[in-house]
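Enquirer: The listed protein sequences correspond, in order, to chains A and B. All residue numbers for the first sequence refer to this note's numbering, where the first residue is 1 and numbers rise by one. All residue numbers for the second sequence refer to this note's numbering, where the first residue is 156 and numbers rise by one.
Treat the hints with care, since some could be wrong.
Stated by the list, open to error - Negatives, chain A to chain B, calculated, CB over 10 angstroms:
hint, residue
1, P21
2, K36
3, K39
4, D46
5, A72
6, W85
7, H94
8, K96
9, P143
10, E150
Stated by the list, open to error - Each computed SDA-like pair below joins lysine to any residue, with the alpha-carbon atoms no more than 25 angstroms apart:
hint, chain 1, residue 1, chain 2, residue 2
11, A, K91, B, T179
12, B, K644, B, G774
13, A, K88, B, G774
14, B, K823, A, S124
15, A, K96, B, R287
16, B, K283, A, K91
17, A, K153, B, S184
18, A, K91, B, K644
19, A, K128, B, D887
20, B, K828, A, A132
These aren't lab readings, by the way, just hints derived from the structure by calculation. Every value quoted in this text rests on a predicted model; they were computed, and no experiment measured them. For every residue, glycine included, the Cβ atom is placed at its ideal position computed from N, Cα and C.
The lines below spell out each chain.
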Amino acid sequence: MKPHNIQFSLNGEKVALSVEPSDVLLDVLRGRLGIKSPKVGCDRGDCGTCTVLMNGKTIRSCLALAVEADGAEIVTLEGANSRKWTQKLQKTFHAKNAFQCGFCAPGVILSATELLEKNPKPTSHDIKEAIAGNLCRCTGYEPIVEAIAETAKGK
Amino acid sequence: MDLQKLITKPKKSAKSKKAGEELTVVGQSVPRIDGWEKIKGAARYTDDLEFGPGLLYAALVESPFAHARIKSIDISKAEKLHGVVKVVTGGNFTQKFGLYMNDRYVFATDTVRFVGEQVAAVVATDPKIALRGAGLVKVEYEELPAVMDAVKALEKDSPLVHPDLKSYTHVPWFFPKPGTNIAHWRKIRKGDLAKGFKDADLVMEDTYTVPRYAHCAIEPHSAIGLFDASGRLTMWTSSQSPFTQRHVFAETLKSFGLSHKDVRVISTYIGGGFGGKAGVTMEIIAAALAIAVPGRPVKLLWSRAQEFYNTYQRLGCTAKIKMGVSKAGKITALDFKLHWDSGAYVEYGANVVNAAGLSASGPYKVDNLSIDSMCTYTNLPPCGAYRGFGYSEFLFGLESHITRMAKELGIDPVEFRMKNAIKEGDILPYGAHMNPTGIRDAIERVRKEIRWGVKEKSKDPKKAIGKAQVCFWKSPAMPPNASSSAFLKFNEDGSINILVSGMEIGQGLLTVMAQIASEVLSVPVSKIRVETPDTDRNPYEWQTVGSHVTWGCGNAVKRAALEARERILDLVQRVHCLDKSTLYLEDQHVKCRTKPDFALRFSDFVINGIQADDHTFKGGPIMGSGVFMPEFASAISDPETGQGGHPNVHYTTGSAGIILEVDRETGKMKIKKVALAVDCGKAINPDLVRGQIVGGLLQGFATVLYEDMRYNEKGRLLNPNFSDYKIPTVMDMPDQVVPIIIEVAQPDGPFGARGVGEHTMIPCAPLIANAVEDALGVRIKSMPVTKEKVALAVMAQGKR
Numbered sequence: 001m002k003p004h005n006i007q008f009s010l011n012g013e014k015v016a017l018s019v020e021p022s023d024v025l026l027d028v029l030r031g032r033l034g035i036k037s038p039k040v041g042c043d044r045g046d047c048g049t050c051t052v053l054m055n056g057k058t059i060r061s062c063l064a065l066a067v068e069a070d071g072a073e074i075v076t077l078e079g080a081n082s083r084k085w086t087q088k089l090q091k092t093f094h095a096k097n098a099f100q101c102g103f104c105a106p107g108v109i110l111s112a113t114e115l116l117e118k119n120p121k122p123t124s125h126d127i128k129e130a131i132a133g134n135l136c137r138c139t140g141y142e143p144i145v146e147a148i149a150e151t152a153k154g155k
Numbered sequence: 156m157d158l159q160k161l162i163t164k165p166k167k168s169a170k171s172k173k174a175g176e177e178l179t180v181v182g183q184s185v186p187r188i189d190g191w192e193k194i195k196g197a198a199r200y201t202d203d204l205e206f207g208p209g210l211l212y213a214a215l216v217e218s219p220f221a222h223a224r225i226k227s228i229d230i231s232k233a234e235k236l237h238g239v240v241k242v243v244t245g246g247n248f249t250q251k252f253g254l255y256m257n258d259r260y261v262f263a264t265d266t267v268r269f270v271g272e273q274v275a276a277v278v279a280t281d282p283k284i285a286l287r288g289a290g291l292v293k294v295e296y297e298e299l300p301a302v303m304d305a306v307k308a309l310e311k312d313s314p315l316v317h318p319d320l321k322s323y324t325h326v327p328w329f330f331p332k333p334g335t336n337i338a339h340w341r342k343i344r345k346g347d348l349a350k351g352f353k354d355a356d357l358v359m360e361d362t363y364t365v366p367r368y369a370h371c372a373i374e375p376h377s378a379i380g381l382f383d384a385s386g387r388l389t390m391w392t393s394s395q396s397p398f399t400q401r402h403v404f405a406e407t408l409k410s411f412g413l414s415h416k417d418v419r420v421i422s423t424y425i426g427g428g429f430g431g432k433a434g435v436t437m438e439i440i441a442a443a444l445a446i447a448v449p450g451r452p453v454k455l456l457w458s459r460a461q462e463f464y465n466t467y468q469r470l471g472c473t474a475k476i477k478m479g480v481s482k483a484g485k486i487t488a489l490d491f492k493l494h495w496d497s498g499a500y501v502e503y504g505a506n507v508v509n510a511a512g513l514s515a516s517g518p519y520k521v522d523n524l525s526i527d528s529m530c531t532y533t534n535l536p537p538c539g540a541y542r543g544f545g546y547s548e549f550l551f552g553l554e555s556h557i558t559r560m561a562k563e564l565g566i567d568p569v570e571f572r573m574k575n576a577i578k579e580g581d582i583l584p585y586g587a588h589m590n591p592t593g594i595r596d597a598i599e600r601v602r603k604e605i606r607w608g609v610k611e612k613s614k615d616p617k618k619a620i621g622k623a624q625v626c627f628w629k630s631p632a633m634p635p636n637a638s639s640s641a642f643l644k645f646n647e648d649g650s651i652n653i654l655v656s657g658m659e660i661g662q663g664l665l666t667v668m669a670q671i672a673s674e675v676l677s678v679p680v681s682k683i684r685v686e687t688p689d690t691d692r693n694p695y696e697w698q699t700v701g702s703h704v705t706w707g708c709g710n711a712v713k714r715a716a717l718e719a720r721e722r723i724l725d726l727v728q729r730v731h732c733l734d735k736s737t738l739y740l741e742d743q744h745v746k747c748r749t750k751p752d753f754a755l756r757f758s759d760f761v762i763n764g765i766q767a768d769d770h771t772f773k774g775g776p777i778m779g780s781g782v783f784m785p786e787f788a789s790a791i792s793d794p795e796t797g798q799g800g801h802p803n804v805h806y807t808t809g810s811a812g813i814i815l816e817v818d819r820e821t822g823k824m825k826i827k828k829v830a831l832a833v834d835c836g837k838a839i840n841p842d843l844v845r846g847q848i849v850g851g852l853l854q855g856f857a858t859v860l861y862e863d864m865r866y867n868e869k870g871r872l873l874n875p876n877f878s879d880y881k882i883p884t885v886m887d888m889p890d891q892v893v894p895i896i897i898e899v900a901q902p903d904g905p906f907g908a909r910g911v912g913e914h915t916m917i918p919c920a921p922l923i924a925n926a927v928e929d930a931l932g933v934r935i936k937s938m939p940v941t942k943e944k945v946a947l948a949v950m951a952q953g954k955r
């Protein structure tokens, strides 16, 4: 199989590289582009720790091929750190000690960012729906859900 | 330099603290000092570290059989694959290893003992090539009869998992029975059991079973090893136990010329541990592979499936309980037999069995007691530490049984627990005395919180509401000489770096250590950094397990801070001729009670010293070191009775209650409210304690409601992924969680603190089982208590 030349926007910067057709986006981000906030948790789309934004929508980068990113806008937490809702969320997460080991945090924060960017007044159910694909083994989710709700309320 | 300029005027401080005055930092819910790193995505976990283009990757050849003899291994095809650097088999690593019992090799040598056991490894320039290479290694096996059940493993004609058990070395408090599958048998004999049963008005006997469980930290295990040309081994591991790993690496690989000083273990943040990253599992393979390809870093990263079948699992347990109770509601006798399925290797798991055996009376005063806790080898994957360390398992049976017996005697089950609950000074199962405990307060607070005694009805007639309340206790399971140490260093601006080797596994250790030092030295938490371990630089810590590091490592940090404080006060006394007893630290200054104008800012002297009148400088960098070892502990006791030692340092106690809604037809359960009160001695950071309570409860409830490891008859795990082994999502949260903190000080704890991490998970199973019975009248005696089991039990009840 022939390598493909792809180009995409990564956290606002243009990147161009050659990938194998079977290369997984997560591996390319982590292994070749030095982007470490998306993590390898299960490699089959179950845990959500590899979550990134593709054209504004969360995807599991372990289930996406690198070639699918061609021409797209990819944002990881490294890039989202400058987004308005991400920053507001981070402030609340920090104040509430919402995370423990922190391994799921980048994925959860991107899922929550997507939610609030589209729906700044979510119900409790909306919040749960938004992060239902992000597994966290430490927190019992309660402080995370509370922090998202508080952020939306602008407390 | 003008001396007067170095002495700044004291600022008026609202929070003036002198000896004996109120705490200002300990007890506050300060934000985590690792918060921003984790929330910004800057925190680095082991697999995030970069090793450059020379990095090699390893893949394993694993046993397809639960028990087989290895007849031959043919590596020739794999070796020829382009990109394969080395194929490694067990032949080169003939030293057995283990934490408490040396019962395993780095690679299986002549016998494989569980499905998935490592037989060989292929090291290659790319992970895909390594995997392909592993597929080319041809292993010929002769299958042997296997045993998958801990009770069957005790039968006379059972296959022996370790025929050479007699030759294995182990800690002196283990009692293996060579010629059987019994790896350790912890016995407790206290009082007069026969008399206790005679005095009973009701004796009840039953069996409760608990399957195996998986930790499911979201970060899989990973390890990178580099054995450099100078002969030193550096390991980067995702570990709760960097120093214990260093010791095991050095001991196991000593034939390659390693001494402890040549082995360096670096552990950065870890993405969840729960006991699964305690001790040594796959890391020893990475260490061996590094030795096999000197000069090049080798990475071993566990897949999610390997995470399930080749790390420690939680032990399965069959618990046979016989209890005697008087009409007055007093436990007169308890005979508890725990049969543990500990898997193919028990180098760590046997200590789970030991810990449970020492404490299976639960937090009750039981004068006539017999406990047999039996660690049994089987041909299933090895078991080891899991949050709760054996206590979840025996509490399921014990707390189920207590509720049943109380009800049968017409005694309120909560009143029953209150009556029997252990008190400070009571004799523990092994003969030592109980530490101060707030268990009665915990019972009372939870009882109120769940409106115990008030029968509630669901709005939905298809559903019933049940309530339950149980008690729990747990002690750190550790060798009697497990110790902690800390270094504390001041910087030019008066900020502090603390070096410990307790691991930040999510619980908030770094923050709590900073708070302890902050309290002693009056330096704000925001000016303190606590570093994750590098065994070359950071001082010794045994392991981050057993909910003991707040206590053990916290004591070491407190001592280090006190030592630094002493050095500061000595210096000021020497240079300024002020009596030390009049000096105190406040707001990053040294102040003096007899000279209100005196205030010496830390940043003016903690590195560069104090200039004396003759223009010379006195002092130098201010540092402190602290060591803590529980010098009263001893693990040696009579093997037949368990009496005589002091194996446990203290117990943390508590109580939990639940309001559960159960669907009468489907068995589906919804936790309407759960309250958990735990006596943590002193909550150094209440927010972090609450975090342990809320998180631990959900992890516990998942083991009761749906998690379950399923094996086929050949010993193969059928559900090694998150689709088939469900862990909770946000949709599974209880409706309401009420954390309650009780503070009855632990006399030898830092500011009175004792551990709390595991305790929040262990009461969950009997809570659900008892609440289901309260709601629907059916009793489930095997975990998990799934909705299917409940629905089937309700159907069966209807047929009766």
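Enquirer: So, for every hint listed, does it hold in this structure?
Expert: Outcome of the hint check:
no. : hint            : in the structure
1   : P21             : holds, 13 angstroms
2   : K36             : violated, 4 angstroms
3   : K39             : violated, 7 angstroms
4   : D46             : violated, 4 angstroms
5   : A72             : holds, 20 angstroms
6   : W85             : holds, 14 angstroms
7   : H94             : violated, 5 angstroms
8   : K96             : violated, 8 angstroms
9   : P143            : violated, 7 angstroms
10  : E150            : holds, 14 angstroms
11  : A:K91 - B:T179  : holds, 24 angstroms
12  : B:K644 - B:G774 : holds, 14 angstroms
13  : A:K88 - B:G774  : violated, 46 angstroms
14  : B:K823 - A:S124 : holds, 22 angstroms
15  : A:K96 - B:R287  : violated, 47 angstroms
16  : B:K283 - A:K91  : violated, 41 angstroms
17  : A:K153 - B:S184 : holds, 22 angstroms
18  : A:K91 - B:K644  : violated, 30 angstroms
19  : A:K128 - B:D887 : holds, 10 angstroms
20  : B:K828 - A:A132 : holds, 21 angstroms
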